[in-house]
Amino acid sequence: MFQAAADHEREPLAIDMTDLTNFLVAAMDGLVIQYEVTHDLQRCQRDLEVVIRWPCSLPASTRLEPWGPPPVSTSPRRRHSRTGSRRDGPWCQPTALLVRIGWQGHRGRVVGWADRSEDVDDDLDRGAGGSVVLVTKLGPRRLRNGVLPREDLQRRLGDDPQRRLTLVAGPAGFGKTTLLSAWAASGASGSPVAWVSLDSSDNDTALLWTHVIAALRMAVPDFDTSANPGNAGTSPVTETVLPRLMNDLAGLDAMDLVFDDVHCITAHDSRDSLAWVVAHAPENLRLVMASRTEPRLPLAALRARGELVELRSDDLRFSEQETAELLNSQLGLGLGADDVSVLHERTEGWPAGLYLAALSLRGISNRHEFVDQFSASNRHVLDYLVDEVLSAHEPDMQDLMLRISILERINGPICDALLDTSGSAAALRELARSNLFLVPMDGNDEWYRFHHLFGQLLQLELQRRMPEEVPPLHRRASDWHRAHGTMIEAINHAFEAGSWAKAAALIEGCWPDFANAGQYQTVLTWLRRFPTDVLDGDVRLQLVEAWISSLCARRAQAAAVLTRIAAMAPHPLGRLPDGFSSIESSTTTLQALLPWGDVGAQLQHARRACELEPPESRWYPCVAWSVGAGLYYQDELEVADAWFDDAFSRAVVAGQWIVATSSLAYRSLIAGATGRGDDQQGLAEQAAHMASGCGLDDTVGEAHSARGVSLGARGEQAQALPLLEKGVDVMRAWGQPTELARSLLELADCLSSLGQDGAARSALDEARHIIDSCVDPGALSVRASAIARPWSGAADGRHGLTEREIEILDLMQDDLSERDIADRLYISFNTVHTHVRSIYRKLGVTSRPQALASTRSVGGGRISPR
Amino acid sequence: MNPHAGSGTYQLIVRGELGDRFAAHFAGMRLERVLGTTVLVGEVMDQAHLIGVIQQAQELGLELISVEQIRSEGVEQIRSEGLGN
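Chains A and B are the protein sequences, given in the same order.
Numbering of the first sequence is given in our numbering, commencing with residue 1 and proceeding in unit increments.
Numbering of the second sequence is given in our numbering, commencing with residue 867 and proceeding in unit increments.
These aren't lab readings, by the way, just hints derived from the structure by calculation.
C-beta atoms are modelled at their ideal positions from N, C-alpha and C, and glycine is treated no differently.
A portion of the hints provided could be inaccurate.
Example chain B residues on the side facing chain A (calculated, C-beta under 10 Å, incomplete) [said to hold, decoys possible]:
id, residue
1, 880
2, 882
3, 884
4, 887
5, 899
6, 925
7, 928
Computed far set for chain A versus chain B, every beta-carbon distance over 10 Å [said to hold, decoys possible]:
id, residue
8, 299
9, 479
10, 649
With these hints in hand, go ahead and build the complete structure from the sequences.
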């Protein structure tokens with residue numbers, strides 16, 4: 001969230017994004033930047049002018065538009081900024097500006113944002129964190145000169161209309177990526193080609209599918225999907241995100257989806273998600289995978305059905321003819337037929353080997369001699385040739401190549417940082433021109449990377465020549481990435497440098513961004529990379545683990561970590577990099593937010609967290625929400641409402657949409673319970689609008705529940721039912737017992753009103769079971785008993801029975817006499833008798849057997865208060 | 867399963883003779899160039915470690931000819947017996 005100056009006059013809202021990671025912005029054509037001004041809820045109409053400053057010129061194809069109601073006018077102003085203005089809707093008082101960056105055609109899904117608020121210290125690491133999509137992973141590689149088109153192979157790729165999966169499998173250096181890039185660029189398939197280059201970070205399933213969806217949007221600009229991997233929460237993607245994505249893809253025109261480097265996917269969840277897509281992809285989606293190893297997919301089944309097209313290393317080897325074409329026609333080396341033959345044999349047609357040989361040959365006058373010596377040597381092709389290629393460059397250039405070989409992605413500025421110099425951008429361009437192994441990654445000549453094999457060899461040589469330089473290089477790379485907000489790489493380099501403290505500090509600062517994007521796995525993988533003694537001894541890292549495992553609903557793990565943290569007391573005081581005012585504040589807030597069925601403890605922790613976390617803190621909205629929730633589940637509804645209201649306002653300012661949406665939903669439920677029907681409806685609709693606008697449909701279950709309850713209160717039970725069911729599903733994945741029980745009770749109420757007594761009974765039973773297992777379920781048990789019993793024949797299931805009457809009726813089911821009941825409830829016999837007559841009257845019966853019959857007809861099992 | 871299964875001295879043979887710089891890549895393994903191949907010998911803790919070494923070879927696009935557990939005589943034994951098929 002960028003905080004704008006809170007001007008109430010007609011001054012433009014100015015936002016400075018000049019230090020946003022410019023690779024994200026500059027690398028893409030067709031960017032859409034959407035902004036929305038959020039306000040508090042007062043009605044007024046105003047013109048609002050918005051000025052956003054960017055770090056560089058945006059491509060001309062970039063659109064700047066408001067997210068939400070259409071703009072009044074949009075016009076580019078200066079070269080380095082864009083302006084838009086809009087007439088405001090129902091809200092007026094601007095309090096914050098949210099800027100979202102996305103791709104043409106999508107509707108304001110948050111692809112990346114930088115989270116900044118004015119009252120946070122500068123030394124806190126608040127980069128763009130987990131929600132950044134690396135555009136350099138999307139789209140095929142740009143083709144260089146001197147690349148063989150290999151049309152016969154390309155034809156095989158596109159040939160078979162039956163194909164569902166095309167697999168290109170072979171070790172490194174067999175030209176898989178080049179072949180597929182050429183095929184994609186040639187348009188031979190006749191359909192748009194979406195492309196994702198996978199790497200180890202895609203073992204986080206949320207990140208993997210975020211990139212895939214971005215790739216699909218890049219290939220098909222009109223494509224949009226409601227699937228949002230970042231907000232799937234704890235549910236597996238194969239149940240939430242992927243079915244939705246496949247549905248949105250079905251019915252479109254044919255398209256190809258390429259996954260490059262599939263061998264990088266080793267984690268179960270990500271692998272399973274790929275296998276699921278192979279099995280469930282619609283007809284029009286053709287999948288292509290390139291991998292160094294055999295991917296763990298049901299290939300045999302596809303083969304048997306004739307739906308698999310395979311190219312393997314023997315297919316990918318260059319023939320002697322292709323070798324001649326490459327070396328002589330493409331690269332103009334003018335070799336004799338014998339020399340070509342020798343080279344072909346020596347390298348066995350291995351493309352990487354041939355390219356390396358070609359590189360070496362370029363700078364040599366006596367090529368025949370080179371070929372002779374090369375063929376006579378027993379050395380491994382790679383080993384031999386890399387030496388040749390390196391030594392063909394000036395020492396300065398060699399130094400540069402070796403040092404930057406540690407980088408996954410290379411550009412001028414990071415190069416400068418590593419070498420402590422300037423002007424590297426020019427050197428890179430020069431190097432890329434002559435060296436086929438420095439590959440451009442984008443269309444702007446800005447980002448490059450080494451071909452994997454070449455980079456590996458360079459790193460080995462670096463290790464051999466100057467081993468003491470390696471950790472400092474990684475540290476500098478880490479610092480550069482940290483300054484530019486690409487935290488994953490910053491942290492990876494810190495690990496490679498062996499700088500545990502640096503890695504820990506980075507993780508402790510940026511983990512909330514990754515958690516917000518649902519990328520829990522990324523954080524957990526980092527934690528596993530620390531040596532055990534480092535991890536166990538660092539209380540702040542333990543805190544990160546406690547938070548992430550709690551958010552993943554790994555209850556036992558979280559509890560174990562919290563115990564460990566408690567054992568490390570007394571804790572050092574002082575503010576944490578993630579914004580908490582202290583360790584105690586962090587653990588207290590965590591336990592207030594996720595109480596695992598203990599409402600009393602929730603309220604206690606929440607109140608304590610209020611004392612520890614100041615209102616200006618980014619975590620305060622969560623704290624306020626927790627107080628509200630604790631009070632709500634103890635049935636102190638009026639007070640809870642005030643807390644939720646406060647939580648909402650602060651959450652909006654801080655851009656914490658989950659807290660904001662949830663607060664609105666709870667306020668709606670409270671309004672319904674306190675008889676304010678109009679407020680209930682209005683708040684429920686706002687909550688639903690916010691949830692869908694922020695892609696939170698699979699995260700904030702209470703938004704659906706609140707709308708369902710609101711519809712139910714107006715008698716529209718049939719419409720309410722799917723919403724309430726959805727609310728239950730989301731809450732089940734979230735795992736918090738109190739919230740799940742609440743949503744089950746709401747569902748049961750609706751089901752019994754609809755006469756679906758069996759389903760109502762089982763929802764009620766499940767709720768009861770959960771409530772019984774809660775340490776302190778607060779007011780939920782009373783609420784459970786107040787849910788209208790599924791009486792048969794009643795149109796809306798309500799007979800106006802009071803709570804006391806219900807209690808008595810239950811005891812009657814146990815065959816207690818009226819006197820026994822009076823004893824049991826500590827009331828007088830006369831009182832019981834009066835109640836019983838009232839019960840008969842309301843049920844329209846005249847005797848106990850009749851009263852009991854009308855309850856038993858729904859299929860047994862009694863409902864009793866605790 | 868025996869907790870020490872897969873541990874012991876292992877030998878991997880890859881095609882092509884590799885220079886000494888590769889020793890850094892296969893940390894913990896001894897490198898010897900023998901008749902157009904490279905023999906890597908070293909102590910392997912367990913199966914996971916062994917798979918890791920195989921993956922290291924794969925990363926460099928090396929062609930694996932054989933992987934086997936050997937007696938502690940190591941490379942000398944191989945030399946005297948001659949390289950197998």
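Results for each hint:
1. 880: Constraint on residue 880(B) satisfied, holds at 8 Å.
2. 882: 3 Å, holds
3. 884: 5 Å, holds
4. 887: OK, holds: residue 887(B) within 10 Å of chain A, min 4 Å.
5. 899: 8 Å, holds
6. 925: Residue 925(B) check passes; min Cβ-Cβ to chain A is 6 Å, inside 10 Å.
7. 928: Interface hint status for residue 928(B): holds (7 Å vs cutoff 10 Å).
8. 299: Holds, because the least Cβ-Cβ distance between residue 299(A) and chain B comes to about 19 Å, which exceeds 10 Å.
9. 479: Holds, since 25 Å exceeds 10 Å.
10. 649: The assertion about residue 649(A) holds, with a minimum of 52 Å to chain B.
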